[in-house]
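Chains as they are written, first to last, in the numbering used here: chain A, 1038 to 1252; chain B, 59 to 528; chain C, 639 to 897.
Calculated directly from the structure, the hints in this document are not laboratory data.
A virtual CB, placed ideally from N, CA and C, is assigned to each residue, including glycine.
Hints may contain errors.
What the hints assert, rightly or not - Pairs of lysine-lysine residues, derived as PhoX-like cross-links and limited to a Cα-Cα distance of at most 25 Å, are as follows:
#1 B:K518 to B:K490
#2 B:K460 to C:K769
#3 C:K769 to B:K451
#4 B:K344 to B:K361
To be verified - Partner residues are not named here, just some residues of chain A that face chain B (Cβ under 10 Å, in silico):
#5 A1088
#6 D1125
#7 G1128
#8 I1137
#9 F1139
#10 D1207
#11 I1247
#12 L1251
Stated by the list, open to error - So these bits of chain C aren't anywhere near chain B, every CB distance computed over 12 Å:
#13 P660
#14 G674
#15 G764
#16 G803
#17 G845
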Amino acid sequence: MRDVDEREMLFRRLSAALGRHGSPGGTPSSPAGPTPPPGKESGRISRFAEALTAVGGVVLSGTPEEALPVLGEALRAEGVSALFFPQDDAGAREVAEALIPFGPFTLTTGEEVRGGNPASTAGFRTADAGIAETGTVVESSNRGGTLLPGLLSDVHVALLPSHSVVERMDEAFALYAEDPPRNISLISGPSKTADIEQTLTVGAHGPRKIIVLLV
Amino acid sequence: MQPTAHLFPRNAQKALADKTLQAALGRATGRFLHHRAEAVAAFPGFGEARERASEIKRQTLAQLDHHLGRFIEEASRRGAVVHVARDAAQAREIAARVAKEEGVTLAVKSKSMASEEISFNVALQEAGIEVVESDLGEYIIQLAGEAPSHIIAPAVHKTREEISRLFERKLGEPPTDSIPALVAMARRHLRAKFLGAGMGVSGANFLVADTGSVVLVTNEGNGRMGTVLPRVHLAVAGIEKVIPRMSDLPTFLRLLPRSASGQPLSSYVSVLTGTRREGDAEGPEKMHILLLDCGRSAILEGKYREVLKCIRCGACLNSCPVYQSVGGHAYGWVYSGPIGAVLTPLLVGLPEAAPLPDASTLCGACGEVCPVKIPLPDFLLELRADMRSQGLKTPGEIAGMKGYAGVMKRAGLLEALERVAGLLAQFFTKGKPVEGLPYPFSGWTERRDFPAAAAQPFRKLWKTRRGVQG
Amino acid sequence: MDPRRSIPVSLFFTCLADAFYPRTAFAAVEVLERFGATVRVPLSQTCCGQPAFNSGNRKEARAMARKFLLSFPGDGYIVSPSGSCAAMVKHGYPVLFRDEPRTLALAHAVGERVYELSQFLVEVLGVTDPKSDFSGKVTYHDSCHLRRGLGVVEAPRTLLRAIRGVEFVEMEESDRCCGFGGVFSLKYPQISCRMTEHKVERIVATGASWVTSGDLGCLMNIDGMISRVGYPVKAIHLAEILAGGPAEPAPGTAGKGTP
Chain A
1038 MRDVDEREML FRRLSAALGR HGSPGGTPSS PAGPTPPPGK ESGRISRFAE ALTAVGGVVL
1098 SGTPEEALPV LGEALRAEGV SALFFPQDDA GAREVAEALI PFGPFTLTTG EEVRGGNPAS
1158 TAGFRTADAG IAETGTVVES SNRGGTLLPG LLSDVHVALL PSHSVVERMD EAFALYAEDP
1218 PRNISLISGP SKTADIEQTL TVGAHGPRKI IVLLV
Chain B
59 MQPTAHLFPR NAQKALADKT LQAALGRATG RFLHHRAEAV AAFPGFGEAR ERASEIKRQT
119 LAQLDHHLGR FIEEASRRGA VVHVARDAAQ AREIAARVAK EEGVTLAVKS KSMASEEISF
179 NVALQEAGIE VVESDLGEYI IQLAGEAPSH IIAPAVHKTR EEISRLFERK LGEPPTDSIP
239 ALVAMARRHL RAKFLGAGMG VSGANFLVAD TGSVVLVTNE GNGRMGTVLP RVHLAVAGIE
299 KVIPRMSDLP TFLRLLPRSA SGQPLSSYVS VLTGTRREGD AEGPEKMHIL LLDCGRSAIL
359 EGKYREVLKC IRCGACLNSC PVYQSVGGHA YGWVYSGPIG AVLTPLLVGL PEAAPLPDAS
419 TLCGACGEVC PVKIPLPDFL LELRADMRSQ GLKTPGEIAG MKGYAGVMKR AGLLEALERV
479 AGLLAQFFTK GKPVEGLPYP FSGWTERRDF PAAAAQPFRK LWKTRRGVQG
Chain C
639 MDPRRSIPVS LFFTCLADAF YPRTAFAAVE VLERFGATVR VPLSQTCCGQ PAFNSGNRKE
699 ARAMARKFLL SFPGDGYIVS PSGSCAAMVK HGYPVLFRDE PRTLALAHAV GERVYELSQF
759 LVEVLGVTDP KSDFSGKVTY HDSCHLRRGL GVVEAPRTLL RAIRGVEFVE MEESDRCCGF
819 GGVFSLKYPQ ISCRMTEHKV ERIVATGASW VTSGDLGCLM NIDGMISRVG YPVKAIHLAE
879 ILAGGPAEPA PGTAGKGTP
């Protein structure tokens, strides 16, 4: 096992470099851990909305009657023609299906999009959490959740339960610290690049727009 | 990557003469600096986060064996296969072997400085595997057959016209002067690659010891695509990237994007832990992590240990007036700017990189912006002293220094020489500025005047006016 | 400041003032005496060794540093019209002598006595009105070692703003290096000039007739390009402005094309 030998040699080099003799050191001392000040409950949602809006995201709230026409209009404006959502995400399904009258929108699936469906899509999914500090939507593969709606779509619509908005990043990571899923994805704005002449352009690889629907 | 750092003086001159590059550099570094300054000003906790991050990194390095051991253990426990390479050749061999054993024919790669160090792409291409860079800037650079010129903006030196011609030639796209159209073309071509690739290759912004996670920070979202869609994920990272706990991540995430591009947080942060789990909708079946020593354990041992705190934000490049003047290619290897001037000599050897430690005015701007408080100016000074002790200084410089120190031993001798200089100045230029001086001062007078020596030095004038004291 | 008490100050006049700009050193003395300092000028001082230290020639730097430490005995203030030379003594010497505990202790003790001129006037003597007269529009270049080495940002500005007849105007990127860098300017003259060019463009854009700074190294460099190109602006050390300045620029520093 070449790799194991090489690993052992690395640790010997590290021990020597650190002036240790014998096996690698005991318990490491812990640097000061983060001490987030308690966030004020009131205003957390508006801080979240403000931060996400500042980086080009859109935050919608209100009753379905109020939000759906606005959302439908926004998707049409982006040229979206097909909607997809995780099959086991009842909330996302409900919103997507309710949007059809505001279309013309057809329904597709993540697998079809992955298979190369060229339609301009909106991907729907219920987020795990929101972070007010940075206007971040947190999605993960926790409990088998799919990331495709926020990955392959042209417009990503994240459904965010208001009670799952936390103040700081620390609290969001703490949700997964025990047993992190394969993929924790923090989304803070549209996919963008400034690689050509330092000109900011959205939709580099992922969605060119992110819309958060507070539920 | 084969270093050409010894050619810095020549390459810097070429860069100074390149008008397109000069314009792009001015725009880019100015923009980054401005955004960084605004972001730091808007975030009152920046200073505190900087102190904490620096301390976490310092303590982690002091026990790197422990934290790295923990990382390997946790990542392995969650299904990742961890490889260790002592040098670039070995890393290339491992990368090619992994790709071949996994049956990969096409790999998509997101930006990774570590992979540049080992010439990752060459290794896979030699094994018959296609590697596509998926970061837009890197993709452009790859199509053009060049090397990146900035840690976070690799194609900073290319204009849209050049890129359009490149896409026309290499991708068969129609010409355009629209940047969004160019981005859309790249997106289309790369999307097909993402969907067809057998392996996604990433670097790692951080390795989290207590969970075995690989953390990627991107704006384009390519890092996510390549680590969700392909069947295999290979992460290539230096051993110094490890941080102890997932709870340390927020501290670093508050610093990295602000320092790099002035964003509160980049659009995407992916925390990737092990392989896909039972019942997961997607994600790689296999995860390989290739850890690079490549000179790092040697750095850990010596006085430059703290350079391993670097989180590759690029702030020192943007703030450096030398980098602003010559750009990244002149530095002749993977890392440029102040971090390159320190890291390159340490990783490829001081003889090869001898011109780099001198390529700084010691203005201190880099040290001031570094989010993990690496004493870059101090390290540049140390490297210059190492040059002397390793016999890398020219005999001319050493003789000059000895002569100068000899004069300074005696104030009387100094005064006598100053008076001779004063007489010469009166004789040759009548006390007017000097327009031409011989080597080694000729470079100064090429575009600048040099002041004439005072007819009488201050120490003489003072004695005349006030008498001798002290 | 207590006007009844005399404050002993040793002038660390620097090589550049000695050999090229004696009037800067005299101006520093004049201003220090104006605010009650008794100025001593130790004539055994030569070079602090910074060029040797900055180029990695530590053996030679140490020899010069030793001589410097012996040239400033006692416990009075040591004041220099140079942020860079002051920073060398304060921060460079402890590096040079890190393996020599006795000299290191002396270096720390001497370093604690060292101040740059504007810093000394404002932070130690508490000067708010420099009681100077000067006429003209002035812009200020932050010397890197004064600003980032000693952390002196406001003192020179405080003084400039308080001078009767001075119209103070900030340039853009006042804290960006002028490209001097000592030995750097000889090793990489083209890069150095590119940086100087950038600096001079910023200076000229202010429309100021004078550019001042706390370091003669920067000023020599900036003035070198101003003089060669013939820009209508003159370089002058802050000490000279505080002392009332030359009505006419002294020979050897005037821009050739200046009106």
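**Asked** Are B:K518 and B:K490 close enough, with their CA atoms no more than 25 Å apart?
**Response** holds, 21 Å
**Item:** Restraint check for C:K769 with B:K451, where alpha carbons must lie at most 25 Å apart
**Value:** violated, 50 Å
**Outside-interface status for C:P660 - nearest CB in chain B farther than 12 Å** = Since the minimum Cβ distance to chain B is about 4 Å, C:P660 lies within 12 Å and the statement is violated.
**Prompt:** Holds or violated: is there a CB of chain B closer than 10 Å to the CB of A:I1247?
**Reply:** Since chain B brings a Cβ to about 9 Å from A:I1247, closer than 10 Å, the hint holds.
**Prompt:** Holds or violated: is the Cβ of C:G845 farther than 12 Å from all Cβ atoms of chain B?
**Reply:** Consistent with the label, C:G845 stays out of reach of chain B, its closest Cβ about 22 Å off (over 12 Å).
**Request:** Let me know if the C-beta of A:D1125 comes in closer than 10 Å to any C-beta of chain B, holds or violated.
**Result:** holds, 9 Å
**Prompt:** At a threshold of 10 Å, is the proposed contact between A:L1251 and chain B supported by beta-carbon distances?
**Reply:** This hint is violated: A:L1251 lies away from chain B, its Cβ roughly 20 Å from the closest one there, beyond 10 Å.
**Request:** Mind checking the CB of A:I1137 against every CB in chain B and telling me if the closest is under 10 Å?
**Result:** Violated, about 24 Å.
**Hint status (Cβ of A:F1139 to nearest Cβ of chain B, threshold 10 Å)** = With a minimum Cβ separation of about 26 Å from chain B (threshold 10 Å), the hint on A:F1139 is violated.
**Request:** For the hint on A:A1088, just tell me whether its beta-carbon gets within less than 10 Å of chain B.
**Result:** holds, 7 Å
**Item:** B:K344 paired with B:K361 [C-alpha distance capped at 25 Å]
**Value:** violated, 39 Å
**Asked** For C:G674, which was marked as not at the interface, is the minimum beta-carbon distance to chain B over 12 Å?
**Response** The claim stands: C:G674 keeps its Cβ more than 12 Å from every Cβ of chain B (closest is about 18 Å).
Violated hints, in rising order: 2, 3, 4, 7, 8, 9, 12, 13; the structure is consistent with all others.
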